[in-house]
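**Q** In case you want the letters, here they are:
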Amino acid sequence: MPIHEKSLIRPENLQVHEKLEVEGVDVSGHWSTFIESRVVTDYNEAMEDEIAALPGGEYIHRCWQCGSCTNSCTVHALNPDFNPRYWIYLIRMGMESELLRDKEIIWQCVSCNKCTYACPRDVVPEGVMKATSHWLELKGHTPKSHSMIFDEIFSEQVFKTGKIEDGRTVRRFFKRTGQALRQPWLEEMVKRLLRNLPIGMLTRMGMANFITPKTKGWSGARDAIEEYVAEQESHHRQALRLDDLVEAARKEL
Amino acid sequence: MAKPILIVGGGPAGLAAAHSLATFGQACILVDKEDRLGGAPILEGYAKLVPSGEWAKDAIGGMVDRVAEHELVDVRKETKVTEFSGEAGDFTAVLSSGDSVGVSAAILCTGFSHFDSANKPEWGFGTFPDVVTTSQVEQMISSGQGVRCPSDGRKPQRVAILLCVGSRDRQIGREWCSKICCTVSANMAMEIREELPDCHVYIYYMDIRTYGLYETKYYWKSQEEFKVKYIKARIAEVTSDGEKLIVKGEDTLVKRPITIPFDLVVHAIGMDPNVDNPDISAIFGVDLETHGYIDKASSYSATGLTNKNGVFVAGAAIGPETIDDSIAQGKAAAMAVLEQRQLAARLVS
Chain A
1 MPIHEKSLIR
11 PENLQVHEKL
21 EVEGVDVSGH
31 WSTFIESRVV
41 TDYNEAMEDE
51 IAALPGGEYI
61 HRCWQCGSCT
71 NSCTVHALNP
81 DFNPRYWIYL
91 IRMGMESELL
101 RDKEIIWQCV
111 SCNKCTYACP
121 RDVVPEGVMK
131 ATSHWLELKG
141 HTPKSHSMIF
151 DEIFSEQVFK
161 TGKIEDGRTV
171 RRFFKRTGQA
181 LRQPWLEEMV
191 KRLLRNLPIG
201 MLTRMGMANF
211 ITPKTKGWSG
221 ARDAIEEYVA
231 EQESHHRQAL
241 RLDDLVEAAR
251 KEL
Chain B
1 MAKPILIVGG
11 GPAGLAAAHS
21 LATFGQACIL
31 VDKEDRLGGA
41 PILEGYAKLV
51 PSGEWAKDAI
61 GGMVDRVAEH
71 ELVDVRKETK
81 VTEFSGEAGD
91 FTAVLSSGDS
101 VGVSAAILCT
111 GFSHFDSANK
121 PEWGFGTFPD
131 VVTTSQVEQM
141 ISSGQGVRCP
151 SDGRKPQRVA
161 ILLCVGSRDR
171 QIGREWCSKI
181 CCTVSANMAM
191 EIREELPDCH
201 VYIYYMDIRT
211 YGLYETKYYW
221 KSQEEFKVKY
231 IKARIAEVTS
241 DGEKLIVKGE
251 DTLVKRPITI
261 PFDLVVHAIG
271 MDPNVDNPDI
281 SAIFGVDLET
291 HGYIDKASSY
301 SATGLTNKNG
311 VFVAGAAIGP
321 ETIDDSIAQG
331 KAAAMAVLEQ
341 RQLAARLVS
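Going line by line, the protein sequences match chains A and B. Quick note: the first sequence, position 32, residue 32 per our numbering, numbers continuous. Quick note: the second sequence, position 199, residue 199 per our numbering, numbers continuous.
Errors might be hidden in some of the hints.
[As the list claims (entries may be wrong)] If the Cβ cut is set under 8 Å, some of the chain B residues that face chain A in the computed set are:
no. : residue
1   : 221
2   : 223
3   : 227
4   : 253
5   : 255
6   : 340
[As the list claims (entries may be wrong)] Straight-line Cα separation of at most 27 Å, DSSO-like style, residue types lysine-lysine; simulated pairs:
no. : chain 1 : residue 1 : chain 2 : residue 2
7   : B       : 221       : A       : 114
8   : B       : 255       : A       : 103
9   : A       : 139       : B       : 229
10  : B       : 255       : A       : 130
11  : B       : 227       : A       : 114
12  : B       : 229       : A       : 114
13  : B       : 227       : A       : 139
For the record, the hints were derived by calculation from the structure and aren't laboratory data. The C-beta atom is built at its ideal place from N, Cα and C for all residues, glycine as well.
With the sequences and hints as input, model every part of the structure.
**A** Right under this line is the structure:
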């Protein structure tokens, strides 16, 4: 396929001067159409290392671009722009600006793991998608996704008490994502629970909202988990040089 | 005693043939145009060989020593065959030294010539000092100097290895695949990453042909353990911005032109037919095949046969060949010579 193929020309790269004269010749309007270069002028080796430092991205360097992941992808079937093979390549070559063009669709991976089974090199593309979404969030390119917020609320509770309380999870999730708690489907669900659940269970569920039960002897496990999570987070911050980014932003202000 | 066998060329194939014949009590005359035996691995100063990982000077050096020391091998260095006449079992070879020797058969182990990168001027060899060949990098490694930019001796930060330089290219009349450059380049990339862990190595390829078991040992290993990057692009030209080399081409996977700065560009040069092949063909009466290599007859009756009875061929004289396979072919040709002698003896008696 020739590299000047029309579908590769991006509207924002087209330059047309309404009034332009070159060496005495009037080339106004379409005569002066100029396509800005899309030449790759350098590789950024740090990018692959950053993604590889996040959970799921460890095996990205194995990719040899066969396309099995994209070909087997559930989301790609619905949206041809969802192309894990391509993003893996952009990351490996450090074409950051190109990757950022797709930041709004990368998180749409549904983790079906068809790619994981199709990949001949065990790249685990599903993990790479997860790491890439994570990277986009950590770097501030995309806001925290709802699923990430849900995961955080869920794990905060488990880390703290060793237990999960559904009512609290749901309330916090709606609050943190700025959604109204009074969702018609939720009201309907609660109504039916009240109607159909045995009274003893309802009482216990209701009480759990006030007394926060804990798993017996949980504090040891909690400390170990918290230590591990802190370790991982600091490792990720370091790998992505997030503190440098923050420092640079502070200086700019 | 039977007449000696003439072996032309003292590289891996010739050394293997001479050793086999001498071991079976067959005298041979080994001629080589160079002042040293060992062929390309020694003359070009190869570092570690594929796939053994042994240093060329030890591995091939050992083959040289046992042949040079053997009483049944008459080694003639800096010598060429200028005339070759007679028929199978009774040839006369005139050597450039003036000697005339009677031999019963000849094995041509005349090898190949490395592609001269100057024939591909758009890739910068000869124009920019930091554009080098795989042979030069082999020498940097085998000499112990390490991989450096020839212009100022600095350690490269980023190296490009261009595959198929002098191979698979109709523009320069070289349509063959040189077979081993992919594997050698993957190995070299790992050696560079090992010596200079901060140096990134990119391999520009059309296809990767690390065939057979080389797939995991070189291609996969270079990617998985050494993080060598492979980019599917045939490079259009190598230029310079005055500071760095600029490699231009199309990255076919993103369908974009690339102009990437590099410190060192390595040409993975292919194997040409030996430049002396037209002379060899005329002197020994052997045909050349369409690419210019010595034409080998079919292998089913005996190995290493040419169109001329009593003249055998082995190794990279037949086409691009690995060192291991050249050695095997040298031994196979030696066996074919002994077989033929045995059959002739039986017919006479």
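**Q** All hints are to be evaluated individually against the structure, with a verdict given for each.
**A** Now for the hints, and whether the structure bears them out:
no. : hint          : result
1   : 221           : violated (11 Å)
2   : 223           : holds (6 Å)
3   : 227           : holds (5 Å)
4   : 253           : holds (5 Å)
5   : 255           : holds (6 Å)
6   : 340           : violated (48 Å)
7   : B:221 x A:114 : holds (25 Å)
8   : B:255 x A:103 : holds (20 Å)
9   : A:139 x B:229 : holds (25 Å)
10  : B:255 x A:130 : holds (26 Å)
11  : B:227 x A:114 : holds (25 Å)
12  : B:229 x A:114 : holds (25 Å)
13  : B:227 x A:139 : holds (24 Å)
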